[in-house]
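J.: For reference, the chains in residue letters:
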Amino acid sequence: MLQVINLSKSFSQTSILKNVHFELELGKICVIVGNNGSGKTTFLKCLSGLMNYDSGSINYNCLNGHLFLSDKLNIFGDLTIEENLKVVSTYHNQNYDQTFFNDSLKTLNIEQFKDLPLKFLSRGNLQRNKLCIAMNLNWDYLLIDEPFSNLDREGIKIFNNIFEDFKSKNKSIIYSTHQNTEQSSFDSIISVEDFKEEE
Amino acid sequence: MIFKLIKNEFFLERKSSFNLLYITFFAIACFMFLLFSFPLSKIFDTTVFTGFFWIIISLSTIKLIENSFAREKDYNIYDLIYSTPIDLTGIYFAKLLSLNFILVGVQLIIFLSYMILSDLSFEILFNLLLLSIVTNFGLLSFGILIFLITNTNTSKSFLFPVIFFPLIIPVLINASNILFGIIIGEISSLYIESWMILLTFGLIGILLGINLFGKLIKQ
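Read top to bottom, the protein sequences are chains E and U. Numbering-wise, the first sequence is residues 3 to 201 according to the numbering used here. Numbering-wise, the second sequence is residues 122 to 340 according to the numbering used here.
Treat the hints with care, since some could be wrong.
[Stated by the list, open to error] Part of the chain E face toward chain U, derived, beta carbon under 8 Å:
no., residue
1, 50
2, 51
3, 57
4, 74
5, 76
6, 77
7, 78
8, 80
9, 81
10, 87
11, 89
12, 90
Hints were generated in silico from the structure; no laboratory data involved. For glycine and all other residues, C-beta sits at the position ideal for the given N, C-alpha and C.
Looking at chain E on its own, in the form it has when it is part of the complex:
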């Protein structure tokens, strides 16, 4: 279970997160909502270990750790989808299954782009490439920032199906969005504004 205890983060004099308490069991999907600049990405970056925080603690208490996919492109532009995955999997000290990788390309409907350098792919397809990384690596908690941005209606549907699939495999997802959550599936929803009120 992921446990966040008394997490605080501020930039100069501006407090972004104040004494945040947060828990999430395995097999759950949690959405973090909030306006632009409200601190959603900061919270996810603190959870991922990418950003230092002022005080508090974050404990994952799980076997396979976490994977963080930021709202940025997350690619080496000169590599293909598979080469990119190969490099990223090395950083995670993991190997991926070739058959499963081919299946994931089909599921995400990006099979036709597999030989192209990623810098030539559209934003929507790069978003799908990010989920391809998540599908082929082993993790317990997926932290993903704005997963539905740049996606068309079909893409959102595919993403929601994959999220449900992750959930059925007892994996948890925490994702942030500033859009409405009508089309998304989730177990709990948290407003980042709640993180600013001292408990």
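Starting from the structure of chain E, add chain U where the hints point.
T.: What follows is chain U alone, placed relative to chain E:
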């Protein structure tokens, strides 16, 4: 694990658009600049060459470090790499070793051209290789740290060389001194001291890198 990371770095350098070609071309351009900026009689003057050689290498170091991190920043793979559970020291060493290897390649290209032009014996190549590796560790380790310190500043491309150059002057002077000794085939004055200074720089740079790389990446 470290071998996998080094392999990764080489793979990325190979795949990055024209990065290797760019650095080699940049170093050769600097070398050509040397050839055209001195009177003919001075070009093969060992004192001039040794000094200019290390200036070329320090300029190449700046471009090499900038390109290596730019590749990660341009398409924002940064977040994905540095949030992994892997020890950041491993990534630092992989970067240091792979960049060192590339820089040694550039040094060999320049030095071999100089050797052919000035009829030097190929036996001195081993000493040059040793000198290059030790000096590169000092240049690269300090270079990476200063790049990361200045990285968040808006005038980073100006600040990085401005801070980097004064700091590496002792490295350049002592590396030139040793290279001068290697070329003329005699032990130059303060030869041992120069080696000690290069080793100290390399060691301090690596130790600082081990301790600060993670913190600077996460700033």
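J.: All the hints need checking, so say for each whether the structure fits it.
T.: Evaluation of the provided hints:
1. The beta carbon of residue 50/E comes within 4 Å of a beta carbon in chain U, closer than 8 Å, and the hint placing it at the interface holds.
2. Because the smallest distance between the Cβ of residue 51/E and any Cβ of chain U comes to about 6 Å, under 8 Å, the interface hint for this residue holds.
3. Nearest Cβ of chain U to the Cβ of residue 57/E: about 16 Å, over the 8 Å cut. The hint is violated.
4. At its closest, the beta carbon of residue 74/E sits 3 Å from a beta carbon of chain U; the interface hint therefore holds under the 8 Å criterion.
5. Checking residue 76/E against chain U by beta carbon gives a least distance of about 5 Å; that is within 8 Å, so the hint holds.
6. A hinted interface residue such as residue 77/E counts as satisfied when its beta carbon comes closer than 8 Å to some beta carbon of chain U; here the least separation is about 5 Å, so the hint holds.
7. Proximity of residue 78/E to chain U holds as hinted, the smallest CB-CB distance being about 6 Å (cut-off 8 Å).
8. At its closest, the beta carbon of residue 80/E sits 5 Å from a beta carbon of chain U; the interface hint therefore holds under the 8 Å criterion.
9. Because the beta carbon of residue 81/E sits about 6 Å from the nearest beta carbon in chain U, less than 8 Å, this interface hint is met.
10. Look at residue 87/E: its Cβ only gets to about 11 Å from chain U, farther than 8 Å, so that hint breaks.
11. A least Cβ separation of about 6 Å between residue 89/E and chain U falls short of the 8 Å threshold, and the interface hint therefore holds.
12. Taken as an interface hint, residue 90/E checks out: its beta carbon lies about 6 Å from the nearest beta carbon of chain U, inside 8 Å.
Going through the hint list in order, the structure does not satisfy hints 3, 10.
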